[in-house]
Each structure stands twice: as C-alpha cells, then as structure tokens.
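Trainee: This is what each chain is made of:
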Amino acid sequence: MTTVFDGKIRVLDLSMGWAGPLVGQMMAEMGAEVVKVEDTEHFDWWRGSLSVAPPEMQPIERSSVFNTVNRGKLGVTLDLANPSGVELVKRLAAVSDILIENYSPGVMDRFGLDYATLAAINPRLIMISMPSFGSNGPECNARGYGNTVEAMAGVTGLTGYEDSEQLYTLSNALGDPVGGLHGTFALMGALHERARTGRGQWIELAQVEALIPFVGQAIVESQFTGEVLPPRGNRHREHAPHGIYKCKGENTWLVLACESDADFRAAAEALGLAQLASDSRFLRAADRKAHEAALDAELNRALAAIELDDAVRRLTAAGLLAAAVNPAPGVLSDPQIAAREYFVAIDRAIVGTHLYPGAVARLPKTPLDASRPAPLLGEHTSEVFRRLLGMSDEEIAALENHGVTGTAPRRYKQAS
Amino acid sequence: MRYSALSDVRVVDLSHFIAGPYATKLLADMGAEVIKVEPPWGEGARRLGPFPHAAESKPPERGGLFAFLNQNKLGVTLDLKEARGRDLLTRLLEDADLLIENFAPGTLAAFGFAPDELLAKFPRLSIVSISNFGQDGPDRDSRLNDLVLFARGGWTYPVGEKDREPLTPPGSLAQYVGALYGAIGALQALAARDMGLGRGQHVDISLLEATVATMIYETVTFQYVGAMRERAGKRFAVGPFMIVTLKCRDGYAGLHCVTDKQFESLCDLIGRSELYIDPRFNTALQRMVNNDALLAIVEEFFLGRERQWLYREGQARAIPIVPIPNVAEVLEWEQTKARNYFETIDDPILGRVRVPGTPLRLNSHRPAPARPAPTLGQHNGEIFGSRLGVSPTQLEQMRKEQVR
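So the protein lines, in turn, are chains E and V.
For the first sequence, our numbering assigns the number 1 to the initial residue and increments by one for each residue that follows.
For the second sequence, our numbering assigns the number 417 to the initial residue and increments by one for each residue that follows.
Since the hints were derived computationally from the structure, they do not count as laboratory data.
Just so it is clear, the structure is predicted and the values come from calculations on it, not from any experiment.
Every residue, glycine too, gets a C-beta built ideally from N, C-alpha and C.
Take these hints with a grain of salt, some might be off.
Unchecked claim - Computed, partial: chain V to chain E, Cβ under 10 Å: (1) Phe549; (2) Arg559; (3) Ile740.
Extracted from the complex, chain V is given alone in its bound form:
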C-alpha cells in the first residue's frame, strides 16, 4: 500500500531480518522510495519461513515473512567487502535522505561507512541504527534473541501461572516495537533537518530500551505502589478489576471489567444482579479482596456459553468482552473484511498471499495495490544502470564477479 506523504523521501535500506525491514516497510508504505541493499547471497530473512511447501528450494528465494516485510521496496545487491560495492553504495547515498541499518554496532564502520564520516560527507543524510542494546554500554556486543529480549525488558516475569515458570510472549513482538521507534526516529531526524537544523544526524535505537518503554506498569507502577506484580494466571494482574481470559464452551473469551458500571452490567449479563449489591463485591476494593470468589462465579458462567454469544450479549451491555480468535480467524473476521484491511499480494515466488495492510488511512484514501517484495537483485539494472549510469557491460561484469 502506498501513500504519497513521503513521496520525496529516499531511503537506502541496509537492514535485515525484522526490526530494520519493518521500519523501512512503514516508510515505504507511506510513499518513501526504499532501496533495499542486500549482499549477493541475500539477507538472512530470505531463509526464514514460513514456506508454502514442505520441500522449499535451497537456498530459498524468500519465505512468507520476507515477502510481507519487504513489499514496496526496490531490491539491489552489493558486496560491501568489495571496492565496487562500496563505491556504488556511496553513490546511492549521495541523494538519500535516510540510511537505515541494524547491523551489530561497529559493522557499518568496518565496511568503511563510519556514521560520523558519512554525516560529514552527506550533510542532508540521517542514519538510523537499530541495534540490540544501542551503540554503547557494557552489553553493546552481546547476543540477543526474542526470549532474552522479552525477559530482560520486563514483559515475561508477570505472565503465566504463579506456581510454574513464567511464560514468554509469542513471536517477535518486541522487535516490531523497536521497528516503530526506528521509523519514528527516521522521521524525527527528517523533521529536525527540515525545521531548522539543516542537517542530518545519527539516530541510535536500542531494542532493549524500546521493549522497556512499553512496560510502564512494571517500571513506574512498581515505584509508586512499592510492590512487584506477580504472575496471576488467567488474570492480567491481581487488582480491583477483572481483566481475564476465560474458557468458554468453544474456546476462550477476553473480559475487561473494571468500572462499577461495567461490573453492574456484568452482573446483569450473568443474571445475578444481587451480586452488584453484595457486600463482598460492591466496591472496587471489595472486588479486589474477594476476587477469587467473584472470578469463580464468572468463570462458571463463561464455561457454559459460546464465544460469539458472550461477545454479542456483553457488548450489547457495554462490557468489553471479545471472542479470542486464532490467527486464521483474524483473517476471516468480518470487521477486517468490511474495512478491506488484509491485502492480497501476488508474489512472484509464493503466489497469492494475504498479508496485513497498512493501519494508516490518510484522508480515507484507498491505497494502490502493493508491489511484491523484490527478488534478489531485481532492480540492479534500474538503479545501477538507469539511475547511476553503470553500463550494461559493467553490469554484466559485476554479475559475473558477484560483486553486487
């Protein structure tokens, strides 16, 4: 999907895997020209699944994640260990506004592209570096994966059953959070340049700090109340409210019952209006003290009902109840269909695949269909040949030498 908001912005994208590529996808979806620069053997995410067939080709051109994260980008290949590769990257940077990268700190400089030197050479350029721990600090060069990131950032400790090990969040959610901070950081640098600074800067994003930033219940609330939040099983936390995931007849439903009004409506839903004036439950404080007894009553009611019934009847009473879907059900949810949220890409390798569309609707504008993610080196001719004037003979020579 493309909007025109950033149509005058040129991005050179050296990033790989998730955090960098999702940041540049956000920029591309908003209209920026993103030139994705990969090594001749392709960036690592091309080898990540999911793949449509059990026996994928080796090495694979791309999997489903790569296809989703790299829509709307132009793809070129360059070997930055070679002089010609470095020279062509330098020429791409001449009229770029942004260089986005998520190498380990120091890697860019090792390729001969030290951020300070680039900023001196190209005053309008800003560099956004997204890294595990930031560009400095004692753990700068340590390894990181999703399990460690969630745990260290505070997301994991309060999730799961009290009498067993904490439960990690799924997937790579925190890397996407880091990507958003990276994309915002890119536009912050552009805004600073265009609103008076007149020049670019090197933006430093730490995935760990991005993860901590979204965990304010732990860090700030802990200091205010002086108590740690412990795992509370199906409950979001122990407190004067009921935010719970409850088993029902055909799956699970989420309930968010916090205010007196929502509690009154909940009592009506379960046909027990006397509970609203029951001294065990008639104030927020009492509902906290007697939470187990109250939850037992609500749980039993949910267990005998279907998700959709609970959703309809709950929402009709202004109680936030939702029928918890699996990802396949999200694809078929009437609300996403009515809003044409999912987008079908006609991927040259994977075929037709439905992927999440951009969440932004600018002036209710309906975006054009997305361009599929580039095949490896797909736009070498267009970018190096037409734009930078590399001759067909030289391009062919480069292809043979695998410099690009």
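Bound conformation, chain E alone:
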C-alpha cells in the first residue's frame, strides 16, 4: 500500500473554478482515480482565468490556477446539453464512489442528474454539491465567487486600515479554498460512514457557510457588546508595536509584533534603539498603545536605515515575532518551506516545469502525491471510456463525430 486509497476510490468531478476542483485534487493526492468531466464548449472557466493569450497559443492550457487545482486528474469531455452526454455521466456514476459538482442550484436537476436519480443507479454513490449560498433560501440563486462569498461571510467587513473606512478584499479569494477544504472533509466523513452502512449520501455545502465560522469570534463579540468595532488594520487590541514597517530599499516590508514589555525591550535592543526602551511613553503595553502613532513613527524612522534581511535576522535571533512580508518570490524561497521541500516541481505539457504547492498533510506511511500534472482538455477521454465503460474505438469515434466529446474547444471564452 502506497497511498491512502490505493486506487480503490473513483471520483467523478463535474466541478469548475477552484472550490469544487480542489476537492477532486485532494482526492487525487490520496490516490483516488479522479475523472474530471468538461464540455468542449462549457469547459472549466478557470482554464481562461488570468490569460489573455490568442487562441493559437492554446490559452486554455496555460492557466496557472486551473493547472494547480486539477492536478492528478484524468480529463474527459462530455456535452451535458446532449442526452448521450448525460447518459454517459450516469454510466460513469454507476462505477464511481464520489461525484463532485458546484453548479448553481437546480442545474443538476435540469440535466436529470439529481442525487435521487443517481442513487437509484448506484446506492453507494456519495455526491457533494457546493453552491455559493446554499441550494435553498431566498438568496440561493445569487451569484457568488470566492471574493463575494468572502464578503457575505463577514470577512471583508473586518478588513481595512485603522484610519480609513475603505474595505478590502483578501488576496486569495479565501471562500474558494475554504469551501474545497470543507468539501474534502465532508467526503472523508461520508466515506467513513459508508464503510459502516454500505450506503452513499448527498452532501450539501454552502461555501459561505463554510467560511462564516472563521469569523465566529467577531460574531459572538457583536452579540456581547451590541456593536461592531471598525477594522483595526495591522494593529492589535492590546499590544504595541504590532504592525508593518518599511525597511531600507524597495518593497521591503517588515512585520513586527511585541506581545510583552520584555519583547519590546528585546526588540529595541536588537534594532539598536535602546533609548526607546527607556522612553517613558513606551514603558508598558498600555503606554505604548496610548502613544502607538509616535512609537510606529520612531520604528519607521529607524528601520528606514536597516536592510530588511538584517532586521529580520536581528529580531528573530532575539526570539521575537518578526518576518518579511513575503511577495511571491519570498514565499517560494522561504528557508523553512524550502527545508521541508514543500513545493513540488511538475512538468506539464504546453507550459513546462513550475513549482506547485505540495500536499499539506504529511502522512509518512501513505504519503499524499501532489506531483501529477493537470490534464489537457479531453486528454483521457478514449482511455477512460474504453477502460471504465468497455466502449469500442468505433463507439468513441462516433461520440467525437457527434460533438459529444472532443479535445479542441468549440469556442474560446473567458473566466467568470
């Protein structure tokens, strides 16, 4: 045995974007066989994300984000607007353990692929639906993406500088990966239950509901105090300094947090600012909070003369909470991340070799495998239909002739 599932689990992944595909990707990391189904017209819209390359450059195979969250999957094309396409999904569902979808509510029903229909074919099938705001309720048809889900979960309302009312969206569309992580967790639980009961089930996961717990503390606080505090920026309620400071040079930002008076004395010492530690305005935490603007100004003045690397080295050597605010290259070369060989290099057709985030959980006896590339559009259609459905080459060729499958996009479209 080399992986968690050892090839014993098959997943049919009808999802698009990030949240749903991440579930399939994590299943593939565990050694499940994951068949990603796309349409040659309505292919996964994340293939078009961030790319403005012309058609002859095959832009749909050059999406950094698609190529990340679809790793390790087999790529199959099927036209779900065509009854034979729907029929083939049913045949694949009959030999699968899991089906992942994140269409808008009601779309699977319209395809005739609702859970009741599929469970009648395969009672062991576990299906997960991941609508943005839920499959029922007055706002269930509202359109949501990672950023808008993040806003409706209350995260955006907490994100802003302490001295301005402008709100900001996070940098990583957090609603998407969090939806995917919850979805993976749910499927693992449902598989565990199926081993005991022999039956599958339908799981509904509203992405916004997966993210709201992350601000649970603020939600409880609003009930206790009857008010909602404005965003605090980089500052802390009790501690100072607690912020982001500019060092010498371009794009050189330092985070520094002192959680005690001893921390502050050590930080002042490490930066050669012993006079700050004895300044009566900065002696105790309450003093420093009361004079936080003056303290931050002193730190910015001093740090403007110090190289970022040097400041980080001095402060962390003193056991303090400090780090560079990492832009992309900093994350890729972070010594701790590199020492644990977190990133994996993958050579993917069309785009070549890049580093991708590795699997997070380290399972020494059944390591996760995040090193297999994402499929090209329809790359494995013939192989999958031949092996899983016993179709002949003629039958497969007929499907392509009728436009039910294919390897070329019927039109180019953009991300949504």
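Put chain V on the given structure of chain E with help from the hints.
Mentor: Leaving out everything else, chain V in the frame of chain E:
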C-alpha cells in the same frame, strides 16, 4: 450539531487555542466522541475573549471563542507532569482512534508520549500534530502569531494601498485553514488504516504550509507570468477584470465583473450601454489597459446608490454584486435565517449565544442541538470514574491534589 458519520470514532484532544480545537470541533460535529483533555488550570483559550461583561471573573471559566470552538466535546482535566495524569491519558489512548495535539514540537515527547512509542504501543492510533512550522526544519521552534503567519505565507503583501504599508488580513483566518487540513489529515489517517494499511501513523501539519497552500495566485501565477502582484487598493488585482470593493451611499459593495457578458450587463446596470462598444473597453485587454478610466465611471455610479439596490439590480442582471455586511449583519442575513444556519447555544456561563453552525448538511439531515462546551473538568467523573473505573475516593483524592 451532530451527525452520525463518525459515531464510531474516538478522539483524545490535547489541543489548545484555535487550530487544534477547530479541527476537533469539525470531528465532533460529524459525530466523533471528542474527549478534550486540559490541564487543571484550563487551556489558554479559556482566557481569550470576547466576554459578555466588562468585568469578567478572574480567572474566567471561558469566553465566547472557547464556547464556540469546544461545543460537543467532553471535558476532562489531567496534569501530564504527574504520574497519575500520564497513566490516565495512557488508558484513554487504549481505545482511541486519534490523538490530536498542537503543542510546540517535542512537547508531547517531553511529557513521555513520544509519537513513535505511542504508535508502537497502540497500533490502531493515529496522531495528528498541528504546529506553527511543522515537526522539522530550521524554524521549527520559532514563535508565530497571526500577523507573522499571514505575512510569511504570502497573504499580506498584495493587500492594501500601493503607496502605504501592506494590510494584514483580520483575525486568525489562516489558523482555521490549518485546522481544516488537520481534520482532513485525521480522516486521511483513518481511511488509510481502514482501507488496507491496518495501522495508524503520525500526521504532521504545518500552519505555514497550510497558509501557503491557499495562496496559489502568488506562488504559481507568479512563475507563469513572471510578475509579482502588487497592491492595487480597492481592486483585487490589476488585470483584465474588475473585482473591487466600492463605496456606495450606505457602505460598501463588492463587484465581480470579469466576463464580456458580465461587463455588458454592468454597462446596462449603470445605464451606459455605449461603453460596451467603446474601443477603450470592448475587449478584456482594453479593459485592463484602461482600467482606471472604467473604474472611475463605475465608482461614481456606485457612490450614488444603496447597497441593497445594487445587489438586487446587479443580481437581476446576473452580475455578482454583494452588499458587504458587517458581522452583525451576517447574523441577521435572511439567507442564513432561512437555512437556520446559526445555532443558539445555551451556555452554562455565557447564557444564550448564537454561533455559526456546521456547514455540512448530510442528506439534508437536521442536526440535534449542540452540547455546550464543557466546564473545566466537567466530565472527569463520567470518563475517569464510569469508563476507566477510578473509584470515587480516588477521584476525590485526585481533585484535592489537582492532578486532574
């Protein structure tokens, strides 16, 4: 909320603060029995707010965060520095499937519970360790807080105004991400055991790596396009799209306008359909080049409208626009109400509090009301006495000695 999916799973939970306790909350909500083991003085999160009254008791039994994160768990107290405490923990582990912990690396071994030895002694047990940086590496023992985690993991650099310092994300969001990876890791170890491996293993989760894992725009996209994403103010990023938070008459609204179709609908919404064929904006590339001019037009329109109007009219045209709520408004959002998402707990210390419910609906199943978080040592009698057979006299003696 409880489901039955994991009703045959027993978890011994040595974790504290957020990343460990949220992982075990996920397991408890799915039906696992979670025995939360705290030192006799309580884990650190009991002393974190929010508290309902300005003058909370000292030391506090619990605050709102603890009450939320530890629902549905059984609570016992043990002093692992004492022989009797270690002995009772060993007995709890005898029929446990999972041990979850988020101590600093090496702490568990220092208590006499080296992971390798535990796995040898209890072959069915898996251990999930959630730590700041993982169980090895040069920074294994370094300190970490939310500010550092976000910054180092790449979330902070692209957020905020271009001409001032980057803006950190709020709260402890990345710790919850780490918790999810921990909960998944726990079930991965169980699945591996039950599907053929036959034995447990020690799962290692690094909060820093979990944070990086959710930042694919920076790490992977940077390599593909060869350019760093810089802070773009109210914009998510500079690009051929408009993902922005815009001021409106009564607050802020979020707009996600990416496709030609969404742009056409946006032009209709703002009553400027000529913009759709305007050569400055009629392709994705042009909208990227002339993003400032386009944004200025959209901004002015939003400024004169109310959030709900923009939401209704935008969504009616299939444009993803949302009225950005504060957390109190999330509690009152009709959608969460219609789905009975928030759950009222009747907490023995804090009273009635509404907390986020489980996001998982299995077979549309309506879950039973949650059990409030345990008071300190609430289930000592039940677990040590009834289950492990410690006599009432011994329990009383232990209480006096504060071993538990």
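Trainee: Decide, hint by hint, whether the structure agrees.
Mentor: Evaluated hints:
1. Phe549: This interface hint holds because 5 Å falls under the 10 Å limit.
2. Arg559: holds (5 Å)
3. Ile740: holds (5 Å)
In terms of the numbered hints stated before, the structure departs from none.
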